[in-house]
Amino acid sequence: MIRFLLRRLAFLLLSLAGLVAITFVISHVAPADPAALAAGPDATASMIATIRHQYGLDRPLPLQFLRYVGDLARLQLGHSIATGHAVTADLAVYLPATLELVLLAMGFAIVMGVTLGILAAVRREGLVDHFARIFAVGGIAVPAFWIALILQLLFSVYWRLLPIGGQLPVAIAPPRPITGMVILDALLREQPAVASTALVHALLPAFVLSLPCLASILRITRQEMIEVLQAHYVRTARAQGIAPTRVVTRLALRNAMVPILSMIGLRFGFMLGTTVLVETVFDWPGLGLYAVTSATSADFAPVMGATLAIGVLFMLATLVVDLLYAVADPRIRVS
Amino acid sequence: MRRRTMLTGTAAATAGAIAAPGGAEAFVTEGKRRTLVFSGGQPVPVLDPHVKYDYSTRLMQQSIYDALLKYIDNPPKIIPWLAKSWDVSKDGLTYTFHLVENAKFHNGDPLDAEAVRFSYVRGLKLNKGIAWMLKAHLDPAGIKVVDPHTVAMTLKEPFPGFISFVPWWFIVNPKQVMAEAKNNDDGQGFLIAHEAGSGPFKINRWDPQAAMVLDAVPDYWRGWEDGDANRPSGIIFQVIREPAPRREALLHGSVDIITDMSPDDYDSLAKVKGIRVPDEPGMAPFTVMFNCAWGPTADVNLRRAIAWAMDYNALIAIENGHARLMDSPFPPAMQDHIAVPGIPRKDLAKAKAFLAKTQYAKGGLTLDYLYVAGLEVERQVGLTILAALEPLGIKVNVQGVPWPTVMARGTQPKGGPAMIAVYVTPVSTDPDVVASQYASSAAGSYWGMHHLHDPTLDKMIAEARIELDQTKRAAMYAEIQKRIVSLQPAIFGMLENRRWAMKDDVEGFVFCPIRLTGEVDLYPMWIKA
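Same order as they appear, the protein sequences are chains S and B.
Numbering-wise, the working numbering puts 27 at position 5 of the first sequence, and it's gapless, one number per residue.
Numbering-wise, the working numbering puts 81 at position 19 of the second sequence, and it's gapless, one number per residue.
Just chain B, with the same shape it has in the complex (with noise of 0.2 Å):
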């Protein structure tokens, strides 16, 4: 092209895309089938299922590869995956999978136990991301391929709820990983910006901070869910920061679905034509954790006075009336969860009469409250506190944070905050992944910011862990709810709903509580056309 008719051309073009700008951008492609674009605010940096995973990259993770369980539906589910069964040994130690035949990674290899083996082996062995899930329970030599579609682990103790966490360990390709492994890294350099899956999308581009777009696997081993037809061209992730800009590429039609939301925007697009907003009951505790070693907190009668001063009714103000009470440590779509009996609710005699028996009877003293600067219903949630515990001669300071930083002087007991805010996210069903957040061995990490070490508690958690007897298992995990309301290392709040706001031609959603804030299935997504 001559350099004049292509200034010439680009000038033109230029003034054409100013005058008819951005609105909604066609992603039709293969015919009739159009490309679901999704956008959230964060990006998804690494894309390795063993090294990481939060909403944004689990998303792509959950498109891109296949796991031999997968969790679906609410109440949420565990369903065949690449495994078609699964058998468990009498002792409760040995997990057998038998897996479908017929599954193949992206590049034509199949997938078999071998892969199944490399995969858990190298989770385990990376020490990042899931490790955490089994690490304690699984080595990597109780991993045995017994036949080219059967795999078995053998774990250290009983671990009922081993099952709960196999839905989030994903199978690589061993081949692929291994051909591009540098320095004994296992495949992490190559893992991270590329992929070596099963999943029904596969990745075209890729730009960390900006989007990417998957294209879909048309002969995907399990094939569609809505049948071949009703399926996607492909899937675009879209990061924009500012939520404001999101809802209006929603509004414009450049998204087809969004998510990280406020509560006012949640409510406001939902009042739009052509644009729903699923409202769905989350599974992800809010919590406003005492720091139970240091400071005045430490005494269990001032953190009551505080639980029952709280102004719970508050919290669903918040949220524009989209979110329950906790009524447990757990929550309720978790296995063997009850509503705790006594729980704390607003009763200002109560909480006074708490007061009277810490040193601090006619209070006088100001408490630090910590939240992620920016989180809107967290800084709402201090304010709550702060006009809660007015009556009370208590003060409260409340601060607004970096997330490095809360992290800092939250896992630090000593001059730690009085009280900081948690959401909890469970990614399993299992009630072992709430009530482990309670034993002394999880104070200072991020779950463990309360720093709470009660040896009863320790002992009744490790003792539930590994009971087979499902009935005797929910009456222990029944008196391991009421014990840690008993020993309020948290004022227990509340359970925010899940809303992603989307256009009404998209098909396909379905809600499960056990995905991270944010993240949905996107395989049994489409467009209408």
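Next up, chain S with everything else stripped away, as it sits in the complex (with noise of 0.2 Å):
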């Protein structure tokens, strides 16, 4: 287990490198002046020299480079050259307040995917599992901001039953942060109309974040439960008397589990990945929109910071998936 678990951490160090080595190298090939940019439209050439100095852009790319990976070794991401903030201190901010959404559509997408697709395998051909295909397809194919733009002007235009966008109304403080979800900790701070304003503000960003990832564990739960539903030992089990309910959530989902277990943690990473487009459509103060702000300033520590948190979340995803296999299936040994 331990040499299993090094070994992965090697794999993942080794992955972080290359992700770091990639975004330095697109961002910084990409043919935009970054120092340019932030100094205004109005600037002179040698307010923008002063820019490219003070963040170091004047410097050879190798160097660049080596700077930033020794400041990464002590954990510093650089600063925005747009807005002069310390890209640790911004991911400290927008990180959880991304992984409130995260959680949340994941929450969701697991129960409602898993008990759909169990439903679907289980009366299959039924009602059920027609609309369940049909969702599954649907859930794909369809853009998330395409999904999004249309339920805000049902849910908020036409119905007026949800908020357009935002955390929290402007009105009202967040809680004062503990970890930086702003519904956990209402809840911790013993604020139960902040913590249900919230909520009610993350329904629709969560659902339209969790519909792919939602139609994805639906449709391999489905096909996992049809296939294990056939299987002989569930036909003995059946055989032997044993309730119905018991052998589909005890006996077929569990033997099933291990597919759908990859796909939640390969949808995790796409779900991080879709936060650039939800999170800019509902205004939601997160990673994804903090990162499509400072990619369209050309702003690169921003950039290669989201990314790296991305990166970083994504593989530890795939980590702890990994080790759960263990878990739903005690024939797989974790080395």
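Bear in mind the hints are in silico, worked out from the structure with no lab data behind them.
All residues carry an ideal CB built from backbone N, CA and C; glycine is no exception.
Be careful, since some hints might not be right.
Claimed, not checked - Partial chain S-side listing against chain B, Cβ under 8 Å, derived:
#1 E147
#2 V150
#3 D305
#4 L311
To be verified - Anything over 10 Å on all C-beta distances counts as not near chain B; from chain S, calculated:
#5 R30
#6 G40
#7 L41
#8 F46
#9 R96
#10 L113
#11 P118
#12 L335
Once you've looked at the hints, go ahead and assemble the two chains, each given alone in its own frame, into the complex.
Rendered as structure tokens:
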């Protein structure tokens, strides 16, 4: 187990090094002058040079890379050239907001996806199954930003049931941060009204974010469950008179769980990527919005910081899924 | 609170919040006073008044800080603010400002001449944001404290436009700033996210991506424009990036005033009961700059042919009539503006005559037109050019690209696009601010994406800049405007009207064209109870 973990961590570091190199190169070969953009349209050549020097952009690219790697080793991700903020401090603010949204979306996707997948498999060719199959295709095929706009139009504009965007109304002060996640912090600070308002604000973006993941989990659950439910040992269990619910949940689902876990791990990464679109449409002040805002001003350090944060989370999620394989199926040894 | 009670409370509150959502959030505080909520699409990432300015940033900076002078009204005029008066020496070199005696910073420190000196020196030293306005004319050594309420600034050479830039230089509290300075940063790290101002509002809460909440300063040193009873309890700047939700927020009543909307949105909002849309003549010229240094448009006759083929009426139609055609490179509200005789208007015969003087007499060439992706007006202008140049046999490749790409491609003459859409936002009424954008020294900057190099024009601009005799200066700028038009570095397009949509109960709105697009002066504004 420990050897496995060490090996995976080494692999994670290697992947991280690759990610850093690729992100750095892509950012710096982009046809843009971040110093000129940060200096503003009126800036003189000397003002642009001042900014370029302050952020070390006048140094050769290999030296810039070495400096970046050196800073990274000290967990420093540089400063935004557009705002002057330390990227590490920005991530500490925006990452929890994204994680809150992703966790809500992932929780909803897992519960609904697995439930609907099981129902569709158990009642194959029934109404639920048809609905599930249509939903599984639609959830993946329809772009998240389009669904987001349509739902905003329906729920916020026409029916006025849900807020159109943001994490909280501007008139409500967020709770003093503990985790940085507003809903959780409001609960921990015993501010139920703030928690509920934040939850209502999260409903639409979390739902939109969950859709592709929900559809994928539903599809794989249905597919695996259909296969497992036809297996001899399931038939045997049924013949022995074990209650149908127990057969499905304890026996069949557990055996179908490994591919579902793989899908959840994979989708977690995609979901982090999708936040870029969803957070922009819903003005959710998270990592995705931070990355988009920074990218539009060719602000390298925040873009690289956000990419690294998402990359690390994705790798950690994959590691957790690998560990969960052993829990789901004792025949799999973590080695 | 017990966990179960709290969870039950949260669940009940959530159900309640869904049943009666978002709508009008009540911003009633301080008795009958209300908080004014302004929404735009652009965040406020930096507050330091000497480091950055754009419309949303300046909207907040102007609310938190004071300058020696201030622009108000239309036509724009400069009024005393922290300076109650100022004198200019006969040689035009020394400006002496006499400060009001009751001004104080939010922490109670008096605002004196040393604070003014410190702020100007800091702005020049940092060499960012506003520095370009005065850097060439004023050295830090030229700024002297005469007495606690008098400060003198001696320029390197006469520059009559000096006063027109003073309203952009906000005064910060030196004690606060230097107390927080680290690693010789002159307090930049502190002023990014904190304030050290004396303005009518101070920061309550700030999330750079979402909102900035300001509280009114009840004992603001200058008092309140419509009296203490008629002031807001505070200001909220809410970032709503997409226009559609911003529009809905206004219609729902959760914001009071919005900006950054399309012409169609403004027109439809103007028809809504309870909402008004001020429609004021703007001062930000929209031009299509030619690449004068490289490619086919390096030939002035081709540039002239394109300018004469352009369908100018279409520009006004794109803005649903809420725009005026430019009659000079200078906007009309600018000092010494003239309507340049013979500025191009659509005339296909003239266009063909100019084309005949080029090596492309029969057309047969394709030109790139670059605009910022997502800006619908710029896209439609591109399509208008495409249609207008068809009779000349010129094809146009209309390309929408991200803002960084526009800057990267447009600021390089070699290989740069033939045409590029540019909004110019003059920050001063002094004509030099626009004239110098056509000088060779501007080539390669954002305003200088025309890459024009004309020594005659350079000389004319340099001479006019330092001329103290206003009559002579006006005549010089008249000639400069004519010279620029004759060189045709751009299609001189239109001046969009400035529009905002606001609720009828918003009081105190005063339009002043010397503000950045979307920016308003929030100080005199309040909401009728």
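Results of checking the hints against the structure:
1. E147: violated (36 Å)
2. V150: violated (26 Å)
3. D305: holds (6 Å)
4. L311: holds (6 Å)
5. R30: With a cut-off of 10 Å, S/R30 remains clear of chain B, as the shortest Cβ separation is near 34 Å.
6. G40: About 25 Å separates S/G40 from the closest Cβ of chain B, which puts it past 10 Å; holds.
7. L41: Holds, since 22 Å exceeds 10 Å.
8. F46: holds (17 Å)
9. R96: holds (16 Å)
10. L113: Fine: 13 Å to the nearest Cβ keeps S/L113 off the interface.
11. P118: Fine: 13 Å to the nearest Cβ keeps S/P118 off the interface.
12. L335: holds (20 Å)
Against the hints set out earlier in the document, violations occur for numbers 1, 2.
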